[in-house]
Amino acid sequence: MAWTRNVLRVDLTNGTCKSEPLNMEWAQQYLGQRGLATKYFVSEVDPKVDPLSPANKMIMTTGPLTGTPVSTGGRYSVVTKGALTGAIACSNSGGYFGAELKFAGWDMIIFEGKSLKPVYLSIVNDQAELKDAAHLWGKSTWHTEETIKKEHQDPLTRVCSIGRAGENGVMYACIINDLHRAAGRSGVGTVMGSKNLKAVAVRGTNGVSTIRDPKAFMAATVAAKKVLADNAVTGQGLPTYGTQVLMNVINEMGALPTRNHRDVQFEEARKISAEAMAEKRPSDGKSHLVTNNACFGCTIACGRISKIDETHFSVVNKPEYWGASGGLEYEAAWALGAANGVGDLEALQYANLLCNEEGFDPISFGATVGAAMELYELGILTKEQIGMEAPFGSAKAVCEMAEMTARGEGFGKELGQGSARLCEKYGRPDLSMTVKKQEFPAYDSRAIQGMGLTYATSNRGACHLRSYTVASEVLGIPFKTDPLVTEGKAGLVKAFQDATSVFDSAGVCVFTTFAWSLADLQPQLDAACEGNWTMEKLAEVGERIYNMERLFNNAAGFTAKDDDLPPRLKTEAAKTGPAKGLVSGIDKMRPEYYQLRGWDEQGVPSKETLGRLGL
Amino acid sequence: MQKSLHIDANKCTGCLQCEMACSYENYGVFITAKSRIKIFDFENEGRKVPYTCTQCAEAWCLMACPVDAIRLDAVTGAKVVNEATCVGCKVCTIACPFGTINYVAATGKVQKCDLCDGDPACATACPTGAITYVDADWTGFDKMRAWAGKTDNATRASA
Chain A
1 MAWTRNVLRV DLTNGTCKSE PLNMEWAQQY LGQRGLATKY FVSEVDPKVD PLSPANKMIM
61 TTGPLTGTPV STGGRYSVVT KGALTGAIAC SNSGGYFGAE LKFAGWDMII FEGKSLKPVY
121 LSIVNDQAEL KDAAHLWGKS TWHTEETIKK EHQDPLTRVC SIGRAGENGV MYACIINDLH
181 RAAGRSGVGT VMGSKNLKAV AVRGTNGVST IRDPKAFMAA TVAAKKVLAD NAVTGQGLPT
241 YGTQVLMNVI NEMGALPTRN HRDVQFEEAR KISAEAMAEK RPSDGKSHLV TNNACFGCTI
301 ACGRISKIDE THFSVVNKPE YWGASGGLEY EAAWALGAAN GVGDLEALQY ANLLCNEEGF
361 DPISFGATVG AAMELYELGI LTKEQIGMEA PFGSAKAVCE MAEMTARGEG FGKELGQGSA
421 RLCEKYGRPD LSMTVKKQEF PAYDSRAIQG MGLTYATSNR GACHLRSYTV ASEVLGIPFK
481 TDPLVTEGKA GLVKAFQDAT SVFDSAGVCV FTTFAWSLAD LQPQLDAACE GNWTMEKLAE
541 VGERIYNMER LFNNAAGFTA KDDDLPPRLK TEAAKTGPAK GLVSGIDKMR PEYYQLRGWD
601 EQGVPSKETL GRLGL
Chain B
1 MQKSLHIDAN KCTGCLQCEM ACSYENYGVF ITAKSRIKIF DFENEGRKVP YTCTQCAEAW
61 CLMACPVDAI RLDAVTGAKV VNEATCVGCK VCTIACPFGT INYVAATGKV QKCDLCDGDP
121 ACATACPTGA ITYVDADWTG FDKMRAWAGK TDNATRASA
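Top line first, the protein sequences correspond to chains A and B.
The numbers in our numbering rise by one with no breaks, and the one at position 171 of the first sequence is 171.
The numbers in our numbering rise by one with no breaks, and the one at position 138 of the second sequence is 138.
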């Protein structure tokens with residue numbers, strides 16, 4: 001049993017912290033992390049709850065493999081009802097925080113209610129207490145982490161926190177841990193802020209000693225690490241170039257959404273690519289990229305650590321941004337860059353640093369800027385309203401908008417509402433590139449058809465991490481499919497969604513799936529966890545989790561019409577590239593997908609489906 | 001042949017697999033807090049540096065110990081703490097110039113790297129080759145070779 005079997009329940013309203021035993025029956029049905037915490041969540045929270053009300057809960061959760069030598073075994077997730085979406089949210093983060101929480105002896109923390117005043121939760125092994133955070137409120141995540149470490153006189157305390165974005169109600173606020181890792185999407189940081197919870201600091205010295213069969217476990221982890229090391233993507237591409245390896249590849253495929261999805265190729269993609277990050281820049285003769293970086297237990301090490309150009313206009317006289325720090329990853333580089341037609345790498349890194357420092361999602365933020373720029377170019381938003389000129393391609397505008405969003409000043413307040421609310425307010429909801437109010441990531445649904453279905457049916461709103469069919473449609477993993485066709489994509493998306501649910505529930509990173517299939521994860525899980533974790537059981541657990549999330553969303557008021565893409569992607573054909581002339585075939589794929597899922601035409605799981613999955 | 005842990009910080013990604021391996025080897029638990037090798041994260045520079053005992057030939061910790069709790073392993077060259085003898089006086093932690101022998105409050109003893117009887121778990125676990133276990137007489141060889149290569153290039157470039 002790799003679970004600690006302990007749940008920490010924190011009542012913020014009454015200021016109490018209590019331990020309770022983990023429901024082991026549920027653990028056998030939902031594994032851990034995403035699955036198990038969502039089971040707790042849907043069992044305790046009314047689906048109709050206002051995400052920002054005290055009645056919403058927030059769960060920070062580890063998986064059974066978190067805090068073990070399984071490669072990438074350091075993940076934790078935050079499960080809640082998302083502020084941005086109103087749907088079930090589950091945001092996953094690496095760094096060191098998750099493993100430390102497990103080392104302290106906790107499978108999950110359930111936060112309930114709302115504190116009267118700002119507090120942070122301090123955990124040292126089995127000792128948990130809420131502490132005053134008045135001196136941290138209004139401060140950045142970087143300041144918060146540094147201050148808590150100093151006050152605890154323990155540099156190895158691990159901290160996750162919200163920045164000013166989470167305090168100010170930016171609807172896509174993140175929770176940042178270890179300076180630049182984020183539980184990023186759906187506004188989980190906004191929920192944390194609404195509870196007056198500034199941070200969680202954790203120190204664990206107990207460790208994980210509850211592996212079912214340690215000998216078999218160590219052998220399985222070693223074998224699986226070799227699979228990662230021998231794979232071209234996880235062994236070479238990701239450590240060398242990071243996720244940014246995709247920038248030029250996706251652009252050449254005509255799948256790089258540009259200028260709020262008006263275009264599918266960005267003429268300056270190369271300038272913001274992995275290759276550009278590695279080049280020596282003229283100003284100081286140094287490359288943007290300093291080194292790669294691993295999260296806890298990760299043998300891939302895709303993370304990027306970069307140093308910004310000190311002479312760039314965004315950071316002149318701001319030495320606090322001159323040190324090495326996280327970024328750029330592909331999604332952030334795309335959203336801050338291509339989505340707005342901005343090809344200034346250093347400007348993107350500055351905006352990215354602000355996202356980490358003040359805790360907001362660069363994908364949603366960048367895509368919202370893209371929508372604002374389109375509204376500006378159409379004359380719907382004026383220079384006076386925004387406070388600056390904001391045409392596509394303006395690096396200056398992206399930097400200033402990031403600052404005003406972080407601080408909740410001026411037009412930043414409107415940008416902080418996300419693209420769906422912004423475009424709705426100005427009478428052009430069709431210009432919001434979102435599903436369930438969550439902004440698209442960096443793959444165009446017209447050129448990679450499977451991703452359109454992925455976005456439309458993702459339980460947390462538009463997201464690439466619920467079924468990354470790019471692996472199959474672009475990279476040929478585990479087999480190559482044609483990105484331009486809709487045939488076969490329903491089955492592909494379902495298979496990816498169910499398998500990903502298992503990976504997200506185990507405590508490992510979804511990037512392992514470039515090399516691992518469930519068959520590689522299974523022996524590690526089975527050796528670690530009590531219960532007979534066969535391939536069949538895991539497949540069923542994955543499908544059960546996906547349907548459980550769906551049931552919550554349906555009960556929250558989502559229907560089949562929410563499983564749809566913006567009209568632009570269905571009516572405005574791709575102008576260039578291999579997908580030229582194509583629109584998304586979402587309306588063809590959706591019915592087939594529902595059928596494969598065992599859902600009716602309204603996207604409601606049938607009685608048979610629910611019975612088969614024990615829901 | 002005597003071997004040494006050889007550390008190349010440039011290759012360290014900060015994954016902490018070494019810390020988990022060390023704690024598991026010595027305590028049967030995955031817990032980085034009890035590791036005898038530590039990864040130091042200089043965030044602002046983007047550098048991660050593994051650090052542990054270098055097994056000094058003339059070991060000040062060993063000489064400082066008033067109860068002879070630290071002995072030399074003649075095969076590996078490791079300086080090894082005998083927990084049964086250690087009284088937890090911490091004099092060795094003061095004597096060590098590098099801070100790589102540490103007091104553990106939970107046991108009332110000190111702990112340090114003992115090279116795992118000649119098969120260091122950290123080196124085995126390191127996925128990038130940042131920690132290797134090599135012939136003690138050749139620890140600088142790769143670095144010399146790298147610099148030698150650069151010297152050669154520079155000469156040709158200027159010629």
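Take these hints with a grain of salt, some might be off.
Claimed, not checked - Ranges between beta-carbon positions, derived for each pair:
no., chain 1, residue 1, chain 2, residue 2, range
1, B, Lys143, A, Pro319, 40 to 50 Å
2, B, Trp138, A, Lys226, 19 to 29 Å
3, A, Asp132, B, Asn26, 37 to 47 Å
4, A, Gly323, B, Thr85, 21 to 31 Å
5, A, Gly323, B, Asp119, 30 to 40 Å
6, A, Gly614, B, Thr54, 28 to 38 Å
7, B, Val87, A, Pro319, 48 to 58 Å
8, B, Met63, A, Ala134, 45 to 55 Å
9, B, Asp119, A, Leu116, 48 to 58 Å
10, A, Asp132, B, Thr85, 44 to 54 Å
11, A, Lys114, B, Asp119, 47 to 57 Å
12, A, Gly598, B, Phe42, 50 to 60 Å
13, A, His152, B, Val87, 39 to 49 Å
14, A, Ala555, B, Asp117, 57 to 67 Å
Stated by the list, open to error - Dumping the calculated DSS-like pairs for lysine-lysine here, alpha-carbon to alpha-carbon at most 25 Å:
no., chain 1, residue 1, chain 2, residue 2
15, A, Lys286, B, Lys90
16, B, Lys11, A, Lys280
17, A, Lys215, A, Lys537
18, B, Lys90, B, Lys143
19, B, Lys90, A, Lys280
20, A, Lys494, A, Lys480
Hints were generated in silico from the structure; no laboratory data involved.
All residues carry an ideal CB built from backbone N, CA and C; glycine is no exception.
Quick rundown of the hints versus the structure:
1. Lys143(B) / Pro319(A): 40 to 50 Å: Once the Cβ atoms are compared, 32 Å apart, the range 40 to 50 Å for proline 319(A) and lysine 143(B) is violated.
2. Trp138(B) / Lys226(A): 19 to 29 Å: The hinted range 19 to 29 Å holds for tryptophan 138(B) and lysine 226(A), with Cβ atoms some 27 Å apart.
3. Asp132(A) / Asn26(B): 37 to 47 Å: For aspartate 132(A) and asparagine 26(B) the Cβ distance comes to about 39 Å; the hint holds.
4. Gly323(A) / Thr85(B): 21 to 31 Å: The hinted range 21 to 31 Å is violated for glycine 323(A) and threonine 85(B), with Cβ atoms some 46 Å apart.
5. Gly323(A) / Asp119(B): 30 to 40 Å: holds (39 Å)
6. Gly614(A) / Thr54(B): 28 to 38 Å: Taking Cβ atoms as reference, glycine 614(A) and threonine 54(B) lie about 57 Å apart, which means the hint is violated.
7. Val87(B) / Pro319(A): 48 to 58 Å: holds (49 Å)
8. Met63(B) / Ala134(A): 45 to 55 Å: holds (51 Å)
9. Asp119(B) / Leu116(A): 48 to 58 Å: Distance hint for aspartate 119(B), leucine 116(A) holds at roughly 56 Å.
10. Asp132(A) / Thr85(B): 44 to 54 Å: At 46 Å between Cβs, range holds.
11. Lys114(A) / Asp119(B): 47 to 57 Å: With Cβ atoms ~54 Å apart, the hint holds.
12. Gly598(A) / Phe42(B): 50 to 60 Å: holds (53 Å)
13. His152(A) / Val87(B): 39 to 49 Å: violated (30 Å)
14. Ala555(A) / Asp117(B): 57 to 67 Å: holds (59 Å)
15. Lys286(A) / Lys90(B): violated (45 Å)
16. Lys11(B) / Lys280(A): holds (21 Å)
17. Lys215(A) / Lys537(A): holds (23 Å)
18. Lys90(B) / Lys143(B): violated (36 Å)
19. Lys90(B) / Lys280(A): violated (49 Å)
20. Lys494(A) / Lys480(A): Distance of about 16 Å is within 25 Å: holds.
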